[in-house]
Structures are given as structure tokens and as C-alpha cells.
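Could you build all of it, start to finish, from the sequences and the hints given here?
Each chain is listed here by its residues.
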Amino acid sequence: MSLLHLLTLSPFLLAVLLPFLGKAVPRLHKGWFAAALSAFVFAMLLGYLADVGDGSPIVESFDWIPSLGISFTVYLDGLSLLFALMITGMGVLVALYSIAYMSAAKESLTRFYVFLLVFMGAMLGLVLSDNLLTLYGFWELTSITSFLLIGYKNEKHRSRYGALKSLLITMAGGLGLLSGFILLYVMSGTYRIRELFEVGAPLMSHPLFLPAMILILLGAFTKSAQYPFHIWLPDAMEAPTPVSAYLHSATMVKAGLYLVARMSPIFAGTAEWFWIVSLGGLITLLYGSVASLKQTDLKGILAYSTISQLGLIMSLLGLSSLSGIFDGEERLLYAAAGTAAMFHLLNHAVFKGALFMAAGIIDHETGTRDIRKLGGLAQVMPITFTISLFGTFSMAGIPPFGGFISKEMFLDSVIEPLHAGVFGLSTWAALFPVVAWIASVFTFVYSVLFVFRTFLGPRKKPLINKKIHEAPLLMVLPPALLAALALMLGLFPGTVAYSLIRPAAEAMMPIVTASGDRLPMDIKLWHGFTPALWMTIAVVAVGILLALTVRRWMKLYAFIPRRVSINRFYDISLRFFEHITVRVTSLYMNGSSRSYVKYILGFMMLVLGFILYISTDISYRVGAYAQIAPYEWIILLGLAAAALAVPFAKSRPVAIILTGSVGYLMTLMFVFLRAPDLALTQMVVESISVTLYLLCFYHLPKLRTERRAVRFRLPNFLVAIAVGVLMTLVALAVLGTNPFEPVSDYYVRESYESAGGKNIVNVILVDFRGFDTMLEIMVLGVGAIGIYNMIKLRRKATDVGSRHVSHEDDESDDVADRFRKNQYGHDGPIEVSRKKEPWINCVSDLNDKAPEQEKNSDSDFETEPDSDSESATDESRKKGGDLDA
Amino acid sequence: MEVVVAVIVGVLFAVGIYLILTQDLLRIVLGTSLLTHAVHLLLMAMSMLKTGAAPLLGRGKEEFVDPLPQALILTSIVINFGITAFFLVLSYRAYQKLDTTDMDRMRSESSKHRGRRR
Numbered sequence: 001m002s003l004l005h006l007l008t009l010s011p012f013l014l015a016v017l018l019p020f021l022g023k024a025v026p027r028l029h030k031g032w033f034a035a036a037l038s039a040f041v042f043a044m045l046l047g048y049l050a051d052v053g054d055g056s057p058i059v060e061s062f063d064w065i066p067s068l069g070i071s072f073t074v075y076l077d078g079l080s081l082l083f084a085l086m087i088t089g090m091g092v093l094v095a096l097y098s099i100a101y102m103s104a105a106k107e108s109l110t111r112f113y114v115f116l117l118v119f120m121g122a123m124l125g126l127v128l129s130d131n132l133l134t135l136y137g138f139w140e141l142t143s144i145t146s147f148l149l150i151g152y153k154n155e156k157h158r159s160r161y162g163a164l165k166s167l168l169i170t171m172a173g174g175l176g177l178l179s180g181f182i183l184l185y186v187m188s189g190t191y192r193i194r195e196l197f198e199v200g201a202p203l204m205s206h207p208l209f210l211p212a213m214i215l216i217l218l219g220a221f222t223k224s225a226q227y228p229f230h231i232w233l234p235d236a237m238e239a240p241t242p243v244s245a246y247l248h249s250a251t252m253v254k255a256g257l258y259l260v261a262r263m264s265p266i267f268a269g270t271a272e273w274f275w276i277v278s279l280g281g282l283i284t285l286l287y288g289s290v291a292s293l294k295q296t297d298l299k300g301i302l303a304y305s306t307i308s309q310l311g312l313i314m315s316l317l318g319l320s321s322l323s324g325i326f327d328g329e330e331r332l333l334y335a336a337a338g339t340a341a342m343f344h345l346l347n348h349a350v351f352k353g354a355l356f357m358a359a360g361i362i363d364h365e366t367g368t369r370d371i372r373k374l375g376g377l378a379q380v381m382p383i384t385f386t387i388s389l390f391g392t393f394s395m396a397g398i399p400p401f402g403g404f405i406s407k408e409m410f411l412d413s414v415i416e417p418l419h420a421g422v423f424g425l426s427t428w429a430a431l432f433p434v435v436a437w438i439a440s441v442f443t444f445v446y447s448v449l450f451v452f453r454t455f456l457g458p459r460k461k462p463l464i465n466k467k468i469h470e471a472p473l474l475m476v477l478p479p480a481l482l483a484a485l486a487l488m489l490g491l492f493p494g495t496v497a498y499s500l501i502r503p504a505a506e507a508m509m510p511i512v513t514a515s516g517d518r519l520p521m522d523i524k525l526w527h528g529f530t531p532a533l534w535m536t537i538a539v540v541a542v543g544i545l546l547a548l549t550v551r552r553w554m555k556l557y558a559f560i561p562r563r564v565s566i567n568r569f570y571d572i573s574l575r576f577f578e579h580i581t582v583r584v585t586s587l588y589m590n591g592s593s594r595s596y597v598k599y600i601l602g603f604m605m606l607v608l609g610f611i612l613y614i615s616t617d618i619s620y621r622v623g624a625y626a627q628i629a630p631y632e633w634i635i636l637l638g639l640a641a642a643a644l645a646v647p648f649a650k651s652r653p654v655a656i657i658l659t660g661s662v663g664y665l666m667t668l669m670f671v672f673l674r675a676p677d678l679a680l681t682q683m684v685v686e687s688i689s690v691t692l693y694l695l696c697f698y699h700l701p702k703l704r705t706e707r708r709a710v711r712f713r714l715p716n717f718l719v720a721i722a723v724g725v726l727m728t729l730v731a732l733a734v735l736g737t738n739p740f741e742p743v744s745d746y747y748v749r750e751s752y753e754s755a756g757g758k759n760i761v762n763v764i765l766v767d768f769r770g771f772d773t774m775l776e777i778m779v780l781g782v783g784a785i786g787i788y789n790m791i792k793l794r795r796k797a798t799d800v801g802s803r804h805v806s807h808e809d810d811e812s813d814d815v816a817d818r819f820r821k822n823q824y825g826h827d828g829p830i831e832v833s834r835k836k837e838p839w840i841n842c843v844s845d846l847n848d849k850a851p852e853q854e855k856n857s858d859s860d861f862e863t864e865p866d867s868d869s870e871s872a873t874d875e876s877r878k879k880g881g882d883l884d885a
Numbered sequence: 001m002e003v004v005v006a007v008i009v010g011v012l013f014a015v016g017i018y019l020i021l022t023q024d025l026l027r028i029v030l031g032t033s034l035l036t037h038a039v040h041l042l043l044m045a046m047s048m049l050k051t052g053a054a055p056l057l058g059r060g061k062e063e064f065v066d067p068l069p070q071a072l073i074l075t076s077i078v079i080n081f082g083i084t085a086f087f088l089v090l091s092y093r094a095y096q097k098l099d100t101t102d103m104d105r106m107r108s109e110s111s112k113h114r115g116r117r118r
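Residue numbers (my numbering), protein chains in the order written: chain A, 1 to 885; chain B, 1 to 118.
The reader is advised that the hints may include incorrect statements.
To be verified - Keeping only pairs whose Cα atoms sit at most 30 Å apart, straight-line, the calculated DSSO-like set for lysine-lysine is: (1) B/Lys97 <-> A/Lys792; (2) B/Lys97 <-> A/Lys650; (3) A/Lys153 <-> A/Lys373; (4) A/Lys294 <-> A/Lys555; (5) B/Lys97 <-> A/Lys598; (6) A/Lys294 <-> A/Lys461; (7) A/Lys153 <-> A/Lys460; (8) A/Lys153 <-> A/Lys466; (9) A/Lys758 <-> B/Lys61; (10) A/Lys294 <-> A/Lys373; (11) A/Lys373 <-> A/Lys466; (12) A/Lys555 <-> A/Lys460; (13) A/Lys758 <-> B/Lys50; (14) A/Lys156 <-> A/Lys294.
No lab work stands behind these hints: they were computed from the structure.
Laid out in C-alpha cells, this is it:
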């Protein structure tokens, strides 16, 4: 356990302690704890900046499951540090922001901050772990916490829907990721990322290389919301705004990018990696920016914009993989794409965080996020306006903000493949700058519209009379800091270029620094009149034109068919699978316990039969040992006959008497099988049992006269016969097989010596196995209490019983539909009231009924529990008495 | 004798299982009783039958039948009694409440109850 381990795990620790801390200091908003912890971890991580910046990573190992080669190794290089600082830094700001945003009076804050802290810990573990399996574990943990946080307002249907969607999609990707990791292990024999880097070339020629790559990319693409897996991100906006700012723009969705960057040294240099990553990113970039324009919800705009920006970074990562196949100058040109990716990663976290928080402020102060209802807020919310302006300008790539620089670098990078001439790029390379330029134009348009529609122009009707003012300081401060940072990144990019960006980019492309050189940094505001600048100028010009005429061409969106969307595909397939699952399940889970008994018996027969069949050391003994006296034949045959007659008995009393006679014949059996104690006990028990049965009928005269034979059912009959035959075989097998020495001799020998009793059976019961007997008495006690409750505590028992019964559903036509309703349909006031009413009625019904029922049968059964418990004590008394004798 | 007992064990098991699979609640309870008897006989048969005197010391006998299964069975008899009593009262209450001991009709009765309440 090193300091780094402790830092990684500290959020989990605080998550455990938070409920108690909250109790100890109830007046303090719990967000302060989270903020303080993130600030502390952030500061500690800054301490590593110098070492890591020099290119010397820090490794600390801690054995976790050594036998499986799983260790919790933290590995802190430039890439991990960039992410870790982003996670903790944004963590501080989001926690501070949430203190003002989340009201302690209205919401369960402990839950919120526990989830948030667990997420932070998982995210830190994800970017710091060097072991693929621990990385995977943390990866899934981020998915789960994201699920919990999206569904934080679990009373809302949209929240639950969004949470489920994100969980299903990211978990599906996570499973792909796990299989990809396992394939990597199969190929290389190690789970450590560092060792995987060293394997190198033999890995590439392995037939499993491509499947592993695709599976890992599946994980990365689902997590980072790349097309066509992006559909969960817009629905994830149901989460509270601090969560959206933190998880769904700054950190968690970047986990996929982290993974791609982390895996780059293994996969880079292959055509498949290049095309999937860069083209996937490019498509997402274009799709996100186009789709963002038609959104009306502020957070919806930001969600699609996040998708698009993630695509941008993804395509940069793909382009940077070209650095693996070139040398010298050219290699550095492509490596610049990696630098751009890292820089844009940081920029995006900064400006998108600011924008999400600004959207949260607007929502908080005006009560709406619908951009159609907003307008003219600049006068009343000048600070928020400035924050949004800085954020959107950075996003649109307008100087002098950080986003401008990284956008320039991006445009530079997309032009570069024109000269590459590999992987079929000579024909397709033109695609990159064209798509990137179009996407940039759309990005510019939606950015500009975002801020101008919200803050400028006239106030819209719904809000015209509302008193709107600036948010409290604590709420404005974090986004203001981020906005200032966006400006600073543009004006003084050198502050982060050498300390943060370069180590990160170098860690991603170790091949560049293999010869000992450092990666040259070329991050500055003014590049001169490069092609990229001309492209930006064109973007701004066309963007302004489009933004001014937006009303004329927005109608074009109506032509996009809604019926073939991916969301629709998701909904339909989810419904389909639900339907199938319900159908298949109800096929065998039909609610009849008899069927379940049959399944259990069938499985038992399968297992027992199989064991009997395969075991070679089992022999069946068919020769008779003990002699059978003639009177014993009578008893044995009588036993069989009485048992066989039970199913044929038409009336119940006859069946009971037949069963009773089986019991009494058993008593006789015990007598001639030399078991006097058993015979005594059996006789007492059988007498009470039969009395009990008949007593039951005494009180239920209708049942006594009802005559109904057991209807013959062939399947039941076959099952019964099969079990009977199997048990006979088992009995014979047991007789013929004696693998162990019997332990009974010990009891015979020691009964008098150690325990001083002459009745061996009783000595075993009360002495050698005394605890068994004690627990046996306990079972009887529990039974007695149960019986007493059923008879005496009438009302409660019926209440519970009827509620249970009502949960069972009778067969109806569309089971799946009802299932869905149960699952999802609790929303809205109509459903709730309909669901509740039966219960209200049911309770009142019971209250009406209860007195008369009690009158009916209260006194009748009073003796029952008594006789039962009496008999229990009888038994134990008898045993004790026998022992004395 | 062991073989005969083994066959009877099979018969008791078959009848017990058959009764458990019927619809009548009372016969299910009877079935469990029969199953218990079957298990007891099986346990007895496991250690060979009549290999000596009853397991009581101080009567001048040297050879005894195996006492261990007897101890197990004794426990089982008592617990079985408790369970039978519980089952019986349970079915008694169910009959009082739903007016039937037929498992299938119990289901429809209970849904009828629900329907009436709604």
C-alpha cells in the first residue's frame, strides 16, 4: 500500500464514512466533504507533476489476487496524470457547485455524494491501474455509479429510462471490453499493460489480434458515446446538472478516449485501428454537431455537442496512430494529432464543464431549460452570460480561447493525411478535412445560437413577469473559474503544454520518444496564415451566415425520418427482448408449485441417476441378509398395501386412516427392527397426528363429506414411479457399497464409558449430538409459534396472506405488456391511484370481515398449539427419562 | 429382508410423490408423511437390518444394531411431526379463507378475491 493507492482509494473511504460524518455534523452540507477530499487529492497529485513531466512514471504495486496474477498496480504516467488531475480538479468544482445546486432540504444528499465519491474513486482507479482486470473492474463501477446518478430522481420515468439505457449500452460494451482483455491475455500471457507494450510485433500477427481490437473498441465507443452507441448520452441528461457536468462531459465519457489512448501503443500502426477510430470519431463529430442544432433543451444541445466533441478527439487519436508507421519529420507531424487530442481533451473538460454549470444556473433560476422560452437573460444574469460566452466561444473555436488553439491543431491534423498515402488514404484522405470543416461550421452555429438565443433578444412570454436574478456566489464561482481557465488556456497555453500535455502525449505514443527525444510542443495562439487558419476564417464566415438564416433552413430537419432512428431500434429491441423473456419464463414458471416440484424431482433424478450410472465402485446387493419371519411378511406387505391404497381412497378420512395405518405399521417395523425408542416415539407421534387430522375435519364438516378421488395423471404417475424406482436403486446401492468405516462403533463403545448412559440412541441424542437435539426442539418451537400465529393472530395473518395472493397474476393474453406496466408504468398520477386503490379497499375489507371470522373459529383451535408444544416437551422429557433408565 | 425393504422404500416414495403432485391440499400433507416414512426406512436399511440386539447396554448382549440411524430417525420423526402439524393448520386456514383445498381452485379463488376488491 503506497500513498498513491491510498489516494486512489480515499474517495471510497470517504463514501463509507460520509453517512456518519453527516450525522456528526448535520448542519454542514455534505458537499463540503467531497470538495475537500477532491481538493486534497488534486493537490497531492500536483506534487507528482514534476517527476512525471520529466518522463519518469511512478509505479506502485500491491498484490491483490497473486494466484491469478491480478495485482492492483498503480501506474502514474503523463496520460494517467492528465486524467487524474481532470477528475479531481473537476471534482472540486462540481462538488462546490453542487453545494449550491442540491438543496439539503429537498433531496437525499448522502446518497448523492456517496455515489459521486464512489464514482470519483472508480474513475481514479480506472486511469491509474496498470492491470487490465482491475481497470475493467473500475470501468464497470463507473458505469454502475453513472446508472445510479442518472436515476437519482428515481420517481421520474425519464430518469429511470435514461439510467437503464446507459447501463445496458455501457455494460454491453464493458462485456466486450472484458472479452477483449481476456483475448489479449490469451495472446500474451499477461494482464499488465506495461508488459503488453513490450510484447510488440508477435501480437500483431496473432489471429486473435483483430477480434481483441474490435472488442476493446466496442467498450471504448459505448463508453465515449460514439455513433451509433451515442443514444444513451442525451437520455443521461436526466441526471442532476452537476452530474452531467462531471460524469457526462468531463470525466466518465472520456474513459473511452483514455482507453483508446492507453491501448494505442499496442494497436497503433494497423489499418483497422486507424480506420475504425478515426472514421468512427469523424462520423460522430459530424452527427453530433448536426443533431445538436435541432435540440431545444439546453442540456440536450450540450449533450449532442459533447458527443460531437468526443468524436473529434477520437478521430484525432485515430490520426495520431499514423505516427507509428512513419519516421523522422513525418512521424512528428502525425504525433501532433496526439498532442492536439490531449489538449482538446483538457479544453473540452474546461469549456463544457462551464457550459453545463451555466445551463444548470439558468435552469435553477428560471425554472426551464427550453431554449425557445428563454431570451434576454444577459441583463439580469451578466456573470452567467459572460461564462457562457467564454465557454461557447472556446467551443466554437474562436480566438483567443483554448478551444481555438486545439481546433486549429485539429484542422492541421486532418489535412495531414492528404500526404500519407497508406491504408488507402490516397483516395479517401480528402474525406477528413471536408467532414471536419462541415462539422466545425455546425459546431460554430450551435455554439453561437446557444448563447445568443438564451441571453440576447427580447424576453419570451413565459418568463416575462418572473423576477430573475443572478445565482448565488457559490454557484457562479466554479463555472467562472472554468471560464477564466478557458481564456487562460488560449492566452498562455504554455502553462500546461510542457507540464501536462507533453507527458500525456508522450505516454500515448511511446514510439516517438523511444530514441530519447522529447516531443516538440507547438501549442501557441498565433500560427501565422496556415491552411487551418483559412479554414477557421471560412468556418466563422459561413457559420455567421447560417446562424443568421437559421429559421429558413431549419425546416430541412423535418426530412430526417424519425421512424428509423437508432433510439427507436433500441426501444423496439428492448421491448422485444422483454417480451421474449417473459414468454420463455412463463413457459416453465407457470405459478403452479406442482410443476416446480416436478422440476426439482427431475433434476434430482438426473443427478442421482447420472452418478449411479457413471460410478464404477457401486455394486448392488440383491441377496437377502436378514431372515424374514412369516408375521414380518404380513407387516411388510400390509405396509405396502396400505400405502398403495392411499391414492385410491375417495374420501379424505379414509385416506387419513390409511396413512395412519402406514404409520402404525412403521411402529411395528421399528419393533422388529430392534428400535424400541423409535417405536415408542412413532406411536405417540402417529396418534397425535391422526387426532390432529381428524380434529381438523371435525371443525370442517363440509370437507369430511366431500368425496373426490384423486384424478389419474400420467405425467405425475410416471414421475412418481421413476422416483420410486430410483430410490430403490439408491437403497440397494447403499447396501452394496461401503466406502467408509461406520462411525457407529465409536458410539457403542463410548456410550457407557464417556457418557454414562446405557441406551445408546438416547446418549447420542442428548449427549454426543446434543446440539442437534436442541435445534430440533427449536424447530418445534418455531412451528408452534407459527401455528399459534395462524390461529390466534387472525387479522394480521390474513392481511399478509391476501397481499401475497394478490401479487400472483392469473394468465392473461399479453403477459409482456403487463410486465412492462409493472416495470415502468408507476409513473404519473393515474397509474398510482389505480394501483393503490385495491389496497385501500382490501384493508377496509379485512377490517369488516375480521370480527365475524374470529367469532367463528377462535375458540375451536385453541388447544392445537398447546398439544403441539406439549408433545414437543413430551419428546424431550421422554428422551431424558430413557437416559436415566 | 433388505431387498424387500428397499422395494417398500421405493413404493412409499412413489406413493408419496404421487400424492404431493395432486391438487388436494390434504393429500399433499399426507404425501409428505409417507415420504418421511420412506426416508426412515431407507435410513434403517442403510446400516443392514437385524445385525444384533436393540442398542441397550447392560443386558448381556455384545452385538447391537447400528444406533446412529436410529438417533437420526428419532430426530426426524419429531421434526416431521412439527411440520405436519404446521402444514395441517396452514391448509385448515387456507380452507377457511378460500373455501377450497384444491390447489388450482385456490389460485382462481384468490384472483377472484382480488377482482372483487377492485
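Going down the list of hints, with the structure as the test:
Pair hint B/Lys97 plus A/Lys792 holds up; C-alpha atoms about 15 Å apart against a cutoff of 30 Å. For the hint pairing B/Lys97 with A/Lys650, the CA-to-CA distance comes to about 24 Å; that is within 30 Å, so the pair holds. At roughly 24 Å between alpha-carbon atoms, A/Lys153 and A/Lys373 fall within 30 Å of each other, so this suggested pair holds. A threshold of 30 Å between alpha carbons decides the hint, and for A/Lys294 with A/Lys555 the separation of about 10 Å falls inside it, so the pair holds.
Simply put, B/Lys97 and A/Lys598 have alpha-carbon atoms about 27 Å apart, close enough for the 30 Å limit, and the pair holds. For the hint pairing A/Lys294 with A/Lys461, the CA-to-CA distance comes to about 21 Å; that is within 30 Å, so the pair holds. The straight-line distance between the Cα atoms of A/Lys153 and A/Lys460 is roughly 29 Å, inside the 30 Å bound, and the hint therefore holds. Using a Cα cut-off of 30 Å, the hinted pair A/Lys153 and A/Lys466 holds, with the two alpha carbons roughly 26 Å apart.
Between A/Lys758 and B/Lys61 the alpha-carbon distance is near 12 Å, which keeps this suggested pair within the 30 Å criterion. The straight-line distance between the Cα atoms of A/Lys294 and A/Lys373 is roughly 15 Å, inside the 30 Å bound, and the hint therefore holds. For a cut-off of 30 Å, the pair hint linking A/Lys373 to A/Lys466 stands: about 12 Å separates their Cα positions. Pair hint A/Lys555 plus A/Lys460 holds up; C-alpha atoms about 22 Å apart against a cutoff of 30 Å.
In summary, the hint linking A/Lys758 to B/Lys50 is supported, as the alpha carbons are separated by about 19 Å, within the 30 Å threshold. A distance of roughly 24 Å separates the Cα atoms of A/Lys156 and A/Lys294; the hinted pair therefore holds under the 30 Å criterion.
The structure shown violates none of the earlier numbered hints.
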